[in-house]
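Asker: For reference, the chains in residue letters:
Protein chains: 4
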Amino acid sequence: MANSKYAYVRNFELPDPLLPGCFLVCRIDGHSFHRFSEEHAFTKPNDDRALQLMDHVAKDLMSEFKDIVLAFGESDEFSFLLRKSTNLYNRRNAKILSTLTSYFTSCYVFHWPRYFPDTPLRYPPSFDGRIVLYPDEHAIRDYFAWRQADTHINNLYNTVFWALAQQGGQTTTEAHATLRGTVSAQKHEMLFQRFKINYNELPARFRKGSVVVREKVRSCKQWLLDLNEPEDAHDADDLPEPIKPKTSEIARIPFKASQRDKSKTTIEVMHCDIIGDEFWDARPHLLAR
Amino acid sequence: MANSKYAYVRNFELPDPLLPGCFLVCRIDGHSFHRFSEEHAFTKPNDDRALQLMDHVAKDLMSEFKDIVLAFGESDEFSFLLRKSTNLYNRRNAKILSTLTSYFTSCYVFHWPRYFPDTPLRYPPSFDGRIVLYPDEHAIRDYFAWRQADTHINNLYNTVFWALAQQGGQTTTEAHATLRGTVSAQKHEMLFQRFKINYNELPARFRKGSVVVREKVRSCKQWLLDLNEPEDAHDADDLPEPIKPKTSEIARIPFKASQRDKSKTTIEVMHCDIIGDEFWDARPHLLAR
Amino acid sequence: MANSKYAYVRNFELPDPLLPGCFLVCRIDGHSFHRFSEEHAFTKPNDDRALQLMDHVAKDLMSEFKDIVLAFGESDEFSFLLRKSTNLYNRRNAKILSTLTSYFTSCYVFHWPRYFPDTPLRYPPSFDGRIVLYPDEHAIRDYFAWRQADTHINNLYNTVFWALAQQGGQTTTEAHATLRGTVSAQKHEMLFQRFKINYNELPARFRKGSVVVREKVRSCKQWLLDLNEPEDAHDADDLPEPIKPKTSEIARIPFKASQRDKSKTTIEVMHCDIIGDEFWDARPHLLAR
Amino acid sequence: MANSKYAYVRNFELPDPLLPGCFLVCRIDGHSFHRFSEEHAFTKPNDDRALQLMDHVAKDLMSEFKDIVLAFGESDEFSFLLRKSTNLYNRRNAKILSTLTSYFTSCYVFHWPRYFPDTPLRYPPSFDGRIVLYPDEHAIRDYFAWRQADTHINNLYNTVFWALAQQGGQTTTEAHATLRGTVSAQKHEMLFQRFKINYNELPARFRKGSVVVREKVRSCKQWLLDLNEPEDAHDADDLPEPIKPKTSEIARIPFKASQRDKSKTTIEVMHCDIIGDEFWDARPHLLAR
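Residue numbers (the numbering used here), protein chains in the order written: chain A, 736 to 1024; chain B, 736 to 1024; chain C, 736 to 1024; chain D, 736 to 1024.
Do not take every clue at face value.
Put simply, identical chains are the same to the list, so a pair is met inside one copy or across any two.
Taking lysine to aspartate or glutamate and the DMTMM-like style, the derived pairs with C-alpha atoms no more than 20 Å apart in a straight line are [claimed, not checked]:
| no. | residue 1 | residue 2 |
| --- | --- | --- |
| 1 | Lys830 | Asp802 |
| 2 | Lys830 | Glu748 |
| 3 | Lys951 | Asp795 |
| 4 | Lys740 | Asp885 |
| 5 | Lys801 | Glu748 |
| 6 | Lys922 | Asp853 |
| 7 | Lys830 | Asp853 |
| 8 | Lys830 | Asp764 |
| 9 | Lys740 | Glu909 |
| 10 | Lys830 | Asp751 |
| 11 | Lys999 | Asp877 |
| 12 | Lys740 | Glu872 |
| 13 | Lys951 | Asp885 |
| 14 | Lys794 | Asp1008 |
| 15 | Lys740 | Glu1003 |
| 16 | Lys740 | Asp783 |
| 17 | Lys999 | Asp853 |
| 18 | Lys951 | Asp782 |
| 19 | Lys931 | Asp871 |
| 20 | Lys922 | Glu1013 |
| 21 | Lys740 | Glu773 |
| 22 | Lys740 | Asp1012 |
| 23 | Lys794 | Glu773 |
| 24 | Lys801 | Asp877 |
| 25 | Lys740 | Asp877 |
To be clear, the hints were calculated from the coordinates, so they are not data collected in a lab.
Please read all numbers here as calculations on a predicted model, not as lab measurements.
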């Protein structure tokens, strides 16, 4: 890029470093996905293929960018948590934002045929993104609680709305009118009375969103070493339950991060509660440096 | 997004408006395209398919975002000029940057099979982007001169380099050594003497890069009206030459922007000089508001 | 400042360069000057001593910071224009802002006794400041027009208001009520009919605010040289009128900036119109680089 | 400020809110105080009057701005800590920065005659300022440790330097040469051997700098109430020692912040260690919200 006469124009490129010592959240949202979901005939209120595609993309991002320790997704959005000491691209705002959003988009289009084998893309979908800084664990907890509460509220509404429209014979205008002013309990009741739907038995993916988390795992060697280290021992009760994460709603209890720093990690998709303490208490590494 | 208890976390989202009255340049660059071009067997020094794909993507962006009036591309990068009075997304930096970069990426993956029908994508390519503000026409002219001068310097170097490597039997290390310290004239001479290549006869696309420009065109009705308006008349010499833009190196002379404000626009790809005045003098609308 | 163990805290100091190629306007405003003017018994509606003190401070700033080419003040505020190519403190926002505001404040307190010899300061006055970037001459012209129009509007209102209160026997509440909804012509009429005040004969300082400008002046040597350079000659009509700037309302016509680049400068206080073209046409150096 | 035609220029004033949830440190530094201290014949290496003036100014700032909970000063600089939940001026960067720097400057000039009754100001002194965000207590502790370590290093150096120059008959160039490469212990030794100065017996103000802290105090009424509230009682040992803060080097132990939220506060100047835990452990309110 060095041709001296014009190169002064680079002086207009101003630095944009993000404050050190803060967690980074990068939230990526689908652009005009209302139209996109209609053009590609997404199932309403939730399209399982579209959600699984989003989860796949989120896992790809976390495989590529090791400083992302957690992601949460619902509908056409995903939030990524980068650890507070990350030095990715020297914490340059535009570089991180544009790179993550670009790679997210690329993976989405790239993997589309796998999840929608019979529905070719009619046009290129796009996303926007933003990076928000959070100075402490408390705010991060509340950020993810905010998104999961939003998932619940939206999904409950949409579930009743589409039941009214698809099975109840209402127009969308009528369905909105029916729901106006109703509280949560009334929506549950409406679902059960009119449509025999027990909301709590719907798939956790729809109700809880997707939690994609970098988990610490122990190697076989470490496992054996641990067995021979009684001072470091823990009861069998502490061991992770053999729960399949994808269908589990309750948070797994992995080994404490402090025990093994050199431990490998895996990326797991869950649909569990992240508003309460259990999920976070079991994973102190998420909010460590 | 309204669930009051946690919604305070939105307070951490800070405004990021771009200064009004400045031109915006959004430059998008391929991420690790050295590797990407090798993995997908790009022709060296220039892969015509890859360049045409980039041009296609640039045109898509300009179709989607009307405030982009000009773009310039070379290799794996493209710069987009947004008119200085643009109010796209209320000039929010992250929103504009992430949306443009995302849509660029999406189009790239989406159109890939059309330009590389026999080369499936091996993995999702990505791009980074940045937005730079320029306060005046002079700086904008120099910005685009900077990029086109860069195109020339890089392409001349790469053309000799790959001639040495592909036809001259040199290793890449030897080729770099051969070129070390040579000036432009020596490279031209080397190409001609050793490889019978007249650099100036190579495709303009390689030597000049791609200029994608929103041109004003007159409707038939306006054309007829003009014929009957002698005070507004101009000699036939003023009419645009029927030059095919894609192969033309010299800038077309379109009608003056001031003549017809309601005129429609088309998006044209050219490979002409944009360092001199001719291109810009013929298109005053590019640097107007 | 180098003691390595803790020095990492400097990493939290983020760069804040101002965009190159833009004019800088630094506007400094009195903090709680409503109270301050009452505590120090300022004459209403205008205190000549206070305004002269402000002008003195503005001149001091321009003597100290050569890149300030123009200032405009009214009431308890002053705006300073820095030329667009200024590299003062490498264009660091906080450094420029805090230094200018601090020096302004210091000069105000320092010179106070000279303008208020019988009124000791009862407490330390303070100011706030902000820096705004303007990309072009047009916006700068409008910025200063905005401030001078504001001066006119405020001063006309205040002049009638205080006439009603001081001479008309109205309470301040009544005076506000009397003025509610009146347009400019009605205020002029009210002043003249009730109080025999011809608004246009009030001091220009009150009606136009203070324009502090860096003027180019010719040295004696240059003057003589010019006399012997007929090709560079100009009519005697071009010479500056011997108008005393402080009482003049019309803009002086100094020599054109382009004639002598090495010319010295002086700082002049005027009370002239800066909304029209005359002032600016006579001083092209103000909006040059 | 409402005159519609030009008021659009306000659109160039961009928002500059500081990230919520972070501590703010505003550091204010003397501008060219090397020259200023010479022009006003400051005693070297430390001028007690100048330091006491700085302390007075710092107290004034803390009286005026209740969200400043702590300040630390040395030489011609002072750092102010604003509690992390402060909403001063809606956390607008330029507003806070310019106001604090301005008021600091104003107080400095205002109080000058009190500390330098026989030395009139020869010209207006000025300061620059900056605001730095720190996301957590750890970084704040390190920030203040950084400044106090700096105080120590500078003062030790300056003490020996001026002893060499004033009593040792060295030129300043020779004195710098004598000190080049010496470590702390050597400087202590040099002071003691050559000049009979025991560094640790020099005034704490010089060695430790000035710590200005907002202390919680109990009213008489609360004191009596506490005597009757045995469940809330504490041993007499917990009571603050009747140490005169100005000469004390060790940190006082005030009541815990949590005990009495409605307690009044006083502003105290101390010269104690703030690198260790004692100072901070005794004042948990400083790093609370």
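Asker: Among the hints numbered above, which are violated by the structure, and what are their numbers in rising order?
Answerer: Of the numbered hints given earlier, those the structure breaks are 5, 6, 7, 9, 11, 13, 15, 16, 17, 18, 19, 20, 21, 23 and 24, listed in rising order.
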